[in-house]
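Engineer: Protein chains in written order, with the working numbering: chain A, 1 to 112; chain B, 1001 to 1112.
Derived from the structure by calculation, the hints contain no laboratory data. Check the hints yourself; a few may be wrong.
Distance condition first, Cα-Cα at most 30 Å in a straight line; then the derived DSSO-like pairs of lysine-lysine [as the list claims (entries may be wrong)]:
1) 1070/B <-> 57/A
2) 1036/B <-> 1070/B
3) 1057/B <-> 1104/B
4) 11/A <-> 57/A
5) 1104/B <-> 1051/B
6) 1036/B <-> 1059/B
7) 1056/B <-> 1070/B
8) 57/A <-> 1104/B
9) 1057/B <-> 1070/B
10) 1036/B <-> 1051/B
11) 57/A <-> 70/A
12) 1104/B <-> 11/A
13) 11/A <-> 1036/B
14) 1104/B <-> 1036/B
15) 57/A <-> 1059/B
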Amino acid sequence: DAGITQSPRYKITETGRQVTLMCHQTWSHSYMFWYRQDLGHGLRLIYYSAAADITDKGEVPDGYVVSRSKTENFPLTLESATRSQTSVYFCASYSSSVDTQYFGPGTRLTVL
Amino acid sequence: GQQVMQIPQYQHVQEGEDFTTYCNSSTTLSNIQWYKQRPGGHPVFLIQLVKSGEVKKQKRLTFQFGEAKKNSSLHITATQTTDVGTYFCAGGGISGNTPLVFGKGTRLSVIA
């Protein structure tokens, strides 16, 4: 039982390409989140989802698209990658029973 | 919107010295959570504080939540090299149907 996983762990792509980052959790948590982490900015929320088919924008949603057709999966798509989207991306899920978030291992994305 | 400020941004200490990081919110928080991220790792939940004036301890770590529920602190007594990492506070909470807002973190370096 891996809990929350992300794939790929590392990705190099070119400007203008579409990229999808995958996130999968095995706990059936309702809430899931996508963050990006950049030096000097900490963790910034991109999108979150309260349940399957329910998503909402976070602090920095521009250039990203999410979907949540199943509770356990929350993919993040960069429709046309830009260099400014080079970052480390963390997915997280929320447990209401202990009121805390569990983070995945992260995806390091480089856009050339 | 809600903002969470965290200071200092960096802290270098000699092993055995104490360390404190402070977190301040622009609005009253329903709760505050603290996370630790080791270099190259992902944020890991440490603790949650909910009550005004609450103090919790985990071995050498002491967490406080201000009386007005707008500030918090994490104090580490007699730092060790295993304490190295970035410490994040995060305010808000799902109970208010709003995602956590993270501070930018304090990066702690411990010199042996």
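Engineer: Hint by hint, say whether it matches the structure.
Structural biologist: Checked hints:
no., hint, in the structure
1, 1070/B <-> 57/A, "25 Å, holds"
2, 1036/B <-> 1070/B, "20 Å, holds"
3, 1057/B <-> 1104/B, "23 Å, holds"
4, 11/A <-> 57/A, "24 Å, holds"
5, 1104/B <-> 1051/B, "23 Å, holds"
6, 1036/B <-> 1059/B, "15 Å, holds"
7, 1056/B <-> 1070/B, "17 Å, holds"
8, 57/A <-> 1104/B, "20 Å, holds"
9, 1057/B <-> 1070/B, "19 Å, holds"
10, 1036/B <-> 1051/B, "21 Å, holds"
11, 57/A <-> 70/A, "18 Å, holds"
12, 1104/B <-> 11/A, "25 Å, holds"
13, 11/A <-> 1036/B, "25 Å, holds"
14, 1104/B <-> 1036/B, "12 Å, holds"
15, 57/A <-> 1059/B, "38 Å, violated"
In terms of the numbered hints stated before, the structure departs from hint 15 and from no other.
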